[in-house]
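Please model the complete structure; the sequences and the hints are all you need to start from.
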Amino acid sequence: YDSTMEALLHQALVLFRAESKKAKSIAVKSRLCGGNSLTFDKLLHYSLSDIVRRTKCGGFAEYGASTDMNYVDAICNLRKSVPLHPQWQQLQGRSDDDVEKMYMSGIEAFAFQVSIEHTLHFVN
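8 is the number of the first residue of the sequence shown in the working numbering; add one for each residue after it.
Don't read these hints as lab results, they were simulated from the structure. Quantities reported herein were computed from a predicted structural model and do not represent experimental measurements. Do not take every clue at face value.
To be verified - Computed cross-link-like contacts, SDA-like style, restricted to lysine to any residue with a CA-CA straight-line distance of at most 20 Å: (1) 63 x 88; (2) 63 x 13; (3) 63 x 118; (4) 87 x 47; (5) 36 x 24; (6) 29 x 19; (7) 108 x 122; (8) 63 x 114; (9) 31 x 47; (10) 63 x 14; (11) 36 x 127; (12) 31 x 46; (13) 63 x 47; (14) 63 x 19; (15) 36 x 130; (16) 87 x 112; (17) 87 x 110; (18) 108 x 13; (19) 87 x 61; (20) 108 x 129; (21) 63 x 84; (22) 29 x 52; (23) 63 x 122; (24) 87 x 106; (25) 108 x 88; (26) 87 x 16; (27) 31 x 127; (28) 31 x 17; (29) 63 x 75; (30) 29 x 10; (31) 87 x 10; (32) 31 x 52; (33) 28 x 46; (34) 63 x 77; (35) 108 x 127; (36) 87 x 17.
So, in structure tokens, the structure goes:
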């Protein structure tokens with residue numbers, strides 16, 4: 008089974024919503040977001056989608072290059088597939104440590120690149 012690092016982060020947000028009351032709280036009121044309010048978990052989902060799409064990695068649905076050059080590799084790694092089955096990891100020559108480093112660098116890049124303004128433009 009393969010997944011992208013981005014999909015793993017989105018799944019982490021799904022788990023966050025299941026465990027956190029705050030995730031379901033309103034983060035952006037409807038007047039700021041085309042008539043629909045956004046909860047914190049949806050805001051995080053859309054923010055992640057926005058950041059990945061505005062980084063030129065040679066992939067699907069990209070629309071700009073406003074990512075700081077220091078974070079492009081980490082953001083592009085979020086779009087890469089990673090094997091989730093241990094035997095496939097061996098075939099791919101990746102260890103759990105390699106996958107975890109990609110994941111953590113992606114989270115760090117996400118934290119530094121997130122922009123509510125960009126996200127609201129993405130949603131609207």
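Sort out whether residue 88 lies within 20 Å of residue 63, counting only the CA atoms.
-> Holds. Residue 63 to residue 88 sits at ~17 Å (cutoff 20 Å).
Is the Cα-Cα distance between residue 31 and residue 46 20 Å or less?
-> The hint holds at about 5 Å.
Decide if the proposed pair is consistent with the structure: residue 29 and residue 52, CA atoms, cutoff 20 Å inclusive.
-> holds (15 Å)
Going straight from one Cα to the other, do residue 31 and residue 47 come out at no more than 20 Å?
-> It holds: about 6 Å lies between the C-alpha atoms, which stays within 20 Å.
Given the hint that residue 63 pairs with residue 14, test it: the Cα-Cα distance must not exceed 20 Å.
-> holds (18 Å)
Straight-line alpha-carbon gap residue 87 to residue 16, limit 20 Å = holds (12 Å)
Sort out whether residue 13 lies within 20 Å of residue 108, counting only the CA atoms.
-> Holds, at about 14 Å.
Quickly compare the C-alpha distance for residue 63 and residue 75 to 20 Å and report which way the hint goes.
-> holds (11 Å)
Hinted pair residue 63 and residue 77, Cα distance within 20 Å = Roughly 13 Å between the alpha carbons, so the hint for residue 63 and residue 77 holds.
Given the hint that residue 87 pairs with residue 112, does the C-alpha gap stay at or below 20 Å?
-> Given that 20 Å is the threshold and the Cα spacing comes to 13 Å, the pair holds.
With a cut-off of 20 Å on the C-alpha distance, tell me whether residue 63 and residue 122 pass.
-> holds (17 Å)
Holds or violated: residue 63 with residue 84, Cα cutoff 20 Å?
-> holds (12 Å)
Hints 4, 7, 13, 14, 20, 30, 35, counting from the list given before, are not met by this structure.
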